[in-house]
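Trainee: Based on the hints, put chain B in the right spot on chain A.
Each chain is listed here by its residues.
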Amino acid sequence: MRLMVFLMATCLSLAAQMVQESFAVDPGPLDFIRGDGQEQIILQMLTGDALTGVSASGQPVARLALDWKKRPGGWCFTLRPGVRFADGTPLTPEDVVWTFREIQNCPRASLSKRTYLAEVRITAEGDGVRLETPKPLSRLLLELARLPVARRQHPGVGSGPFALETQGGTWTLRARPHFLRPRIAGFHFRLIPDGQAILQNLRKGWLTLGTVPPRPGLNPPPGYREIHQPTHAQLLLFSRLGSAPLKHFEVWRREAIPDNFFGAQARPSGGLWPESLGFPPCAIQGAPGRGLPSPRWEVCYAAGDELAGRLLLALRERARQDGTDLVPVPVEPGLLLERLVRGGFGLACAMNLFEPHPWSVLDYMEPGGALNFCRWQHPRYRELAGQLKEPGSPPWAQLQALWASQPGALPLLDFTSVIWVDRRLEVIPSALGLYLTTPGPSAWIWTP
Amino acid sequence: MSKGLGVWALALLLGVLIPGTSRGHALGPFPWLVTALTLGLCLALAATTLFLVERLGPVLAARPPLALWEAIPDLLWGALALVCWPAAWGPPGFPALALAFLLAALPGELRWLAQTLPRESPFPAAWGPRAIRISRRLALRSLLPRWLLARLPLWITATLILERMLGVRGPSSDWMMRLAFRDHWGVACWILGFALLWVLLQREGA
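Chains A and B supply the protein sequences, listed in that same order. Under this note's numbering, think of the first position of the first sequence as 8, with each following residue one higher. Under this note's numbering, think of the first position of the second sequence as 15, with each following residue one higher.
Bound conformation, chain A alone (with noise of 0.2 Å):
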């Protein structure tokens, strides 16, 4: 008897345990209009419906929407009933719409949510709502994943399975009765932009779960497990100088890095796309020249970034054997994006975080693509491009060989997320990360 009441208590103690974690950066007000950026998007999915969602294997499942039809140029959506607001006003499909509408009429609208909804119609539709676009219509499911509903005219209103409470430096996200029965009682965020105080933090078990800095050689402490995450996120070397320093850095990666250089954070990347996409490594057509075409290469990279400095430290001993003086340059992170977007540069190094889909990698192509920085164009492009109906389909090998013919950006770094959690908090990591799935942290569950 005494046992199953230590039992309960223990369970029913753990049920209303917060998970602690931590923000880098402040996140700025919820706003599912405006709203942009790691710790934002974080927010966001906890506290709003997206129609659909992606598991954590990268496939398209229901959220918002039970269910959805193919229509001529697009789809109709029909939304779950019973769904409300964190204030508690039932989700209309009207509320969709608005959304939807303001993201692509106001200007300051959040820049990837605009790409996602260009040039796509949306109209209520009885109990759900329709949506046509000429996009691709496998691609539409898998970005309208990252666009969570919010109550019309309330852009700060959500309907997800967390109520969010802010006060001073703390984010506090408590469970709300939801379709998804989040398991948990709720977040605790603080704001802790220092990777060592975050590492402390874990060491003196004040926080829930933290990701490691990328340093070989540490250890999880007591009471927690270390996770791998691979992610879709990559360091890129963009070129203004055309695709021969690419050639030459592609030989370099592979040379230049030893083994556990960073620890189990990074590894060279093996291609020109993510791997984690799912495209098969590819390299750049044609042999580096003998002769290199300058003696001397300037690199600029993000000023504070310890990884990138170190890789571009490495790069620099294995080019110095080929009689090439290359040069990082830091350059404050504001003003490093400022010249990419501006294209006043000759080799750029950032890091870059691909959405979970292979079309994320247009951007590198697109006519003002968001990493398209050395104004990448090609007379077959458009041609191609139209025919990227189905992931894995015959075009996107030929368009990966028509970009490996004169890329205009290669990436140097595969980043593998290493995190460590509590021993008693099951959750589940995908590629996305932990937060961004679905059913994500409405799963997770504390075990005794």
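Where hints are given, some of them may not hold.
[What the hints assert, rightly or not] Every beta carbon over 12 Å from chain A, so not counted as near; a handful from chain B, in silico:
1) THR35
2) PRO79
3) GLY104
4) ARG125
5) ARG133
6) GLU134
7) PHE137
[What the hints assert, rightly or not] Derived coverage of chain B by chain A (criterion: at least 3 residues anywhere in the stretch with Cβ under 8 Å from a Cβ of chain A; other residues may be distant):
8) 18 to 31
9) 95 to 103
10) 154 to 162
These are calculated hints, taken from the structure and not from any lab test. Predicted, not measured: the structure shown is a model, and the values here were computed from it. Backbone N, C-alpha and C define an ideal beta-carbon position, used for all residues, glycine too.
Mentor: What follows is chain B alone, placed relative to chain A:
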């Protein structure tokens, strides 16, 4: 004064027109509560410093233990607070920041004030302890506003490292974040605040 104002006006213009882009988002509201607590902490620091300097006098500046204490950087005090804070008490937050800040800032301020006090030998030392106390009080009273105005911006900026380490969203990290996220008007407000302190300091000096 006019040259200084020109420099501040230029800084303000730079604040509004900072080059660079941020793909980020709007930052949260200004951390008023932590700022009020930080200002309270600065006042506590000022009161402690005044009390100690008034008791110990200008000889304090020449004491080797003070130099030893002063040599330890803020970063180390922050790390020490983080390591020594009992795990069972939960995340340290503002109390640990206050402790680390006082330990880091106090020796420098003690030296600053003690060195500025007038010499006490032969007078007023020859007139007895009461005369010494009165002399120190008068000197400190005239130094106080200038000292506060000159040191306040430094104290606020000095808490940056501690705020980052101890997970506190306070005024120093707010200033830096607004700069990193290119919040032009937010940065301009900060520059305006610092310029105001400088103007007050100049008037006090005159």
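Trainee: Does each hint fit the structure? Answer for all of them.
Mentor: Status of the hints after comparison with the structure:
For THR35 of chain B, the condition that its CB be more than 12 Å from all CB atoms of chain A is violated, with the nearest at approximately 4 Å. Taking the minimum C-beta to C-beta distance to chain A, about 29 Å, the non-interface status of PRO79 of chain B holds against the 12 Å cut. The claim that GLY104 of chain B is not at the interface with chain A is violated, since a C-beta of that chain comes within 12 Å of its own (minimum 6 Å). Against the 12 Å criterion, ARG125 of chain B stays outside the reach of chain A, whose nearest CB is about 29 Å from its own CB.
Every beta carbon of chain A lies more than 12 Å from that of ARG133 of chain B, the smallest distance being close to 45 Å; the non-interface claim holds. Against the 12 Å criterion, GLU134 of chain B stays outside the reach of chain A, whose nearest CB is about 45 Å from its own CB. At roughly 52 Å, the least C-beta separation between PHE137 of chain B and chain A is larger than 12 Å, which holds for a residue marked as non-interface. For the stretch 18 to 31 of chain B, the assignment as covered by chain A is violated, since 0 residues bring a beta-carbon within under 8 Å of that chain's beta-carbons and 3 are needed.
Figure legend: the stretch 95 to 103 of chain B, annotated as covered by chain A; annotation consistent (4 residues with Cβ-Cβ distances under 8 Å, at least 3 required). For the stretch 154 to 162 of chain B, the stated coverage by chain A is violated: 0 residues have a C-beta nearer than 8 Å to a C-beta of that chain, whereas at least 3 were required.
Of the numbered hints given earlier, the model fails hints 1, 3, 8 and 10; all others are met.
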